[in-house]
Amino acid sequence: MSYIHTLINGTNFDHKGLNALQKVTLRAVVMAFLFYGLVALEGMIMRMVEVGHVPLNPLPEQFFHPEHFFSIMTVHPIVGIFGSTYQLVFGAFTFLVPYLTKKPLYSVKLANWTWILITAGTALAWVAAFVWQYAPLYTLYWPLPADTHQFNVIGGIVFIIGVALIMVGTLGFIYNIYATIFARVGIHKNKTTKELLISGFGIDGFLNLINKLRGKQPYTKEPALALPVVAIFRGTVDTFLDALVILGAGILILVYLLFDASGHALDVTAIDALLYKNFFWWGLDLVADGLVLIYVAGSWYLLATLITGQKLFMENVARAALMLELLVSWMVWSHHLLGDQGQPEMMKLISGEMVTAFELLTQGLALFITLVTLWKARPLKMTMELKYLLGGLVGFGLAVPAAIIQADMGMNRVLHNTQWIIGAHVHIALIVGLYMTLYSALYVLWPLVTNNTKLYSHKLANTHFWLHLIGGIGMGAFMGMAGLDGMLRRHLYVDGQFNPDMIFAAIFGSMLLVAWAVFLYNIIMSVGIKGLIGIFLPAKDATASYGIEEELEPADDPAFANA
Amino acid sequence: MTFTNSAELLSFHWVAYSIYAAMIISVVAWFGYNLTKKDAKSVFRIPFYWYMAFLVAGGVGHHIFTYNTIPWVSQDIDRHNITPDVKYEFEIKDHKWIGLPKQIVIQCGQTVEFDVHSRDLVYGFGLFRQDGSMVMQMQVNPGTDVNGILDSNDILWTFNHNGVFDLTSTEYSGPRQYSEDGKDLMLVKDFVKVVGCKDNGGIQ
Numbered sequence: 000m001s002y003i004h005t006l007i008n009g010t011n012f013d014h015k016g017l018n019a020l021q022k023v024t025l026r027a028v029v030m031a032f033l034f035y036g037l038v039a040l041e042g043m044i045m046r047m048v049e050v051g052h053v054p055l056n057p058l059p060e061q062f063f064h065p066e067h068f069f070s071i072m073t074v075h076p077i078v079g080i081f082g083s084t085y086q087l088v089f090g091a092f093t094f095l096v097p098y099l100t101k102k103p104l105y106s107v108k109l110a111n112w113t114w115i116l117i118t119a120g121t122a123l124a125w126v127a128a129f130v131w132q133y134a135p136l137y138t139l140y141w142p143l144p145a146d147t148h149q150f151n152v153i154g155g156i157v158f159i160i161g162v163a164l165i166m167v168g169t170l171g172f173i174y175n176i177y178a179t180i181f182a183r184v185g186i187h188k189n190k191t192t193k194e195l196l197i198s199g200f201g202i203d204g205f206l207n208l209i210n211k212l213r214g215k216q217p218y219t220k221e222p223a224l225a226l227p228v229v230a231i232f233r234g235t236v237d238t239f240l241d242a243l244v245i246l247g248a249g250i251l252i253l254v255y256l257l258f259d260a261s262g263h264a265l266d267v268t269a270i271d272a273l274l275y276k277n278f279f280w281w282g283l284d285l286v287a288d289g290l291v292l293i294y295v296a297g298s299w300y301l302l303a304t305l306i307t308g309q310k311l312f313m314e315n316v317a318r319a320a321l322m323l324e325l326l327v328s329w330m331v332w333s334h335h336l337l338g339d340q341g342q343p344e345m346m347k348l349i350s351g352e353m354v355t356a357f358e359l360l361t362q363g364l365a366l367f368i369t370l371v372t373l374w375k376a377r378p379l380k381m382t383m384e385l386k387y388l389l390g391g392l393v394g395f396g397l398a399v400p401a402a403i404i405q406a407d408m409g410m411n412r413v414l415h416n417t418q419w420i421i422g423a424h425v426h427i428a429l430i431v432g433l434y435m436t437l438y439s440a441l442y443v444l445w446p447l448v449t450n451n452t453k454l455y456s457h458k459l460a461n462t463h464f465w466l467h468l469i470g471g472i473g474m475g476a477f478m479g480m481a482g483l484d485g486m487l488r489r490h491l492y493v494d495g496q497f498n499p500d501m502i503f504a505a506i507f508g509s510m511l512l513v514a515w516a517v518f519l520y521n522i523i524m525s526v527g528i529k530g531l532i533g534i535f536l537p538a539k540d541a542t543a544s545y546g547i548e549e550e551l552e553p554a555d556d557p558a559f560a561n562a
Numbered sequence: 000m001t002f003t004n005s006a007e008l009l010s011f012h013w014v015a016y017s018i019y020a021a022m023i024i025s026v027v028a029w030f031g032y033n034l035t036k037k038d039a040k041s042v043f044r045i046p047f048y049w050y051m052a053f054l055v056a057g058g059v060g061h062h063i064f065t066y067n068t069i070p071w072v073s074q075d076i077d078r079h080n081i082t083p084d085v086k087y088e089f090e091i092k093d094h095k096w097i098g099l100p101k102q103i104v105i106q107c108g109q110t111v112e113f114d115v116h117s118r119d120l121v122y123g124f125g126l127f128r129q130d131g132s133m134v135m136q137m138q139v140n141p142g143t144d145v146n147g148i149l150d151s152n153d154i155l156w157t158f159n160h161n162g163v164f165d166l167t168s169t170e171y172s173g174p175r176q177y178s179e180d181g182k183d184l185m186l187v188k189d190f191v192k193v194v195g196c197k198d199n200g201g202i203q
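Quick note, the sequences are listed as chains X and B, same order. For the first sequence, numbering that gives the first Met the number 0 begins at 0 and goes up steadily by one. For the second sequence, numbering that gives the first Met the number 0 begins at 0 and goes up steadily by one.
For reference, chain X alone in the conformation it holds in the complex (with noise of 0.2 Å):
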């Protein structure tokens, strides 16, 4: 077969036999990686940037003004974390959730306003950064996002529009996972809505513990959700909550800059500071400490079951525990504000300290859940699922220290906003942790949601492997060291005046971005550029489902309409 043919057409994919779920899934999955490498470009350019005028720096002048280098520090989390990691975290669970209910999708229209709602609010979003050079970074702390000395109105209300639309298109994606979940049809048909919140919120587990310290029998043997379904339901929970908090600081942020352009600006001391901080930093932080913790955990805990195919170690109290992560997830935000001297000691040292020291308990249980689950299965063979999750695993057994070391008063006052936090923990717990455990889940679900595509070369999905692994912690180590000799994370540093570590990381961050391209490569070889056109073309077969009998999606089905 000719290099040309196989990039045209892939190895043996056939979008056309794809159906409605498949396709949907896709599509999303997709777009997150093609923002995945915008989001790369972006780290490298502010790398090189942070790099300094050094020989040989290939970086354009342009580069190093202020007003260019903080939009790009703007957008880098919108498109990492929304378009990128939000859409391939929800293009996953859209398929998962009815796969293992064995329900179809409440509904794919759904789904498809989804990803293209968060694709477009993302782009919006980089738009405002990149024409009007509108640069309030992520944190939105007020009552910069309002500054119209600083920043163009029209470039903020875009940007708030961008936003916006994520958020939204956020919403449609927790309605239709509870949609779904709710479902009484297929397998769920007789069990009532009380039944699937116990389950759902992970009671049973706990009752199920309860009744075996008590001598009891259990109180049920089948829980009516599986343990990965549980953890979406747990954390999309925290999705929510932060989705409302994140629109809210939005209207706010955008009723300030309408009235500013309609030439009758707003009194901008009418918000607290510090308490709009606490406010956003609540909201904000579900995202961290929250649904990404819980949907890791129920990520690791669906791959070690599906790698090893034997029953999850300890699965009461893993299911107990996703309901103990999500009250500590709602309960740790003061420890972003340790360095805030008007925020009350009581709050630094409970919520900020204390209750976030919960979060090496929780995590290190899944840790040592999902170990076990996968020692009692030896000898396995070290697939790329394998390989990836193990990867994933690494990443949070570093990253989660990082923070636990950072969440202390005595530690805060000489790190907090330096690049330690950015470097050891965020980009670690991210790109190693996070986006290893997901490399994990694509390489489970590809043979499901392609119909058994063959993958186009091994060699370079090991390669990527290693690239990514190694890339990811090297620059993450190196800003880390950085962050510990004095470097801010939201600073502009134009000398060099952190090389060597600057260059290590830039040497590191380009590995990541040479595996992202790598990674792509083999996929695109693998369903050819006539196959991921055809994923966005409609699909012919309108099943919601995947490996059961067809079923009319619960939204179209008049005798659910009418239950």
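Just so you know, the hints here were simulated from the structure itself, not pulled from any lab data. All of these numbers come straight from a predicted model, not from anything done at the bench. Backbone N, C-alpha and C define an ideal beta-carbon position, used for all residues, glycine too. Some hints here could point you the wrong way.
As the list claims (entries may be wrong) - Result set (EDC-like, lysine to aspartate or glutamate): computed pairs, CA atoms no more than 20 Å apart in a straight line:
(1) B/K182 with X/D266
(2) B/K95 with X/D146
(3) B/K101 with B/D114
(4) B/K188 with B/D130
Unchecked claim - Using C-beta positions, here's what the derived DEER-type ranges look like:
(5) X/K380 with B/D77: 54 to 64 Å
(6) X/V167 with B/S178: 38 to 48 Å
(7) B/N161 with X/N461: 53 to 63 Å
(8) X/T462 with B/D77: 51 to 61 Å
(9) X/E344 with B/A56: 20 to 30 Å
(10) B/K192 with X/S261: 28 to 38 Å
(11) X/D266 with B/S178: 24 to 34 Å
Since the structure of chain X is already known, use the hints to place chain B on it.
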């Protein structure tokens, strides 16, 4: 064991975390290798409850350790009951420090209160050594009380080592903090000078 300044703390942290990182990577690599072996045996068994106890001890013990070894923690919590030896108060507006002396000279061991007010945006207040490493920092939030008096952002700090420290804002407040060619306009070189300490720290 007590850390007398942030440089000692950061060095300790660098070593401790590097050892931990090498350990966790090695453990997972060893684990992954043995997953493929049929006859792999556990080197040691970790009982579940001991593992959980270890995590709890790690989470809680970390704070107990820092509270007892880092002097600025208890000082910060109790700062409203401590009378400083010297107090400096100044404001920030439009990315400019207002009422800032060219340099302040602090005697070794003196406890200094810095009280910073912002008239517009969220800024930071951070002191840095000549090698770029951080001495300390805090956030500077804008805002007023019901009487229109600017909110305090106060921190107590005791200097135990001689040195000359630069000041800059540690929180992003928009691109106007920088010149077009990327220079930090809020950087105040050599703002704090500490004198009178022994060579290895402490009062002479």
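Against the structure, the hints:
The hinted pair formed by B/K182 and X/D266 fails the criterion: a straight-line CA distance of about 31 Å is larger than 20 Å. Restraint check for B/K95 and X/D146: satisfied, since their Cα atoms lie roughly 16 Å apart, inside the 20 Å limit. Restraint check for B/K101 and B/D114: satisfied, since their Cα atoms lie roughly 17 Å apart, inside the 20 Å limit. Proximity of B/K188 to B/D130 is assessed by CA-CA distance (about 12 Å); at most 20 Å being required, the pair is judged to hold.
Hint check: X/K380 to B/D77, Cβ distance near 59 Å, so the stated range 54 to 64 Å holds. Remark: the range hint 38 to 48 Å for X/V167 to B/S178 is upheld by a beta-carbon distance near 40 Å. For the hinted restraint 53 to 63 Å between B/N161 and X/N461, the CB-CB distance of approximately 54 Å keeps it satisfied. Between X/T462 and B/D77 the Cβ separation comes to about 56 Å, which falls inside the hinted range of 51 to 61 Å.
Checking the proposed 20 to 30 Å range against X/E344 and B/A56 shows it holds: the Cβ atoms sit about 24 Å from each other. Roughly 51 Å separates the CB atoms of B/K192 and X/S261, a value that falls outside the hinted 28 to 38 Å. In this structure the hint that X/D266 and B/S178 lie 24 to 34 Å apart at CB holds, the actual value being about 30 Å.
Figure legend: structure checked against the earlier numbered hints; hints not met, in rising order: 1 and 10.
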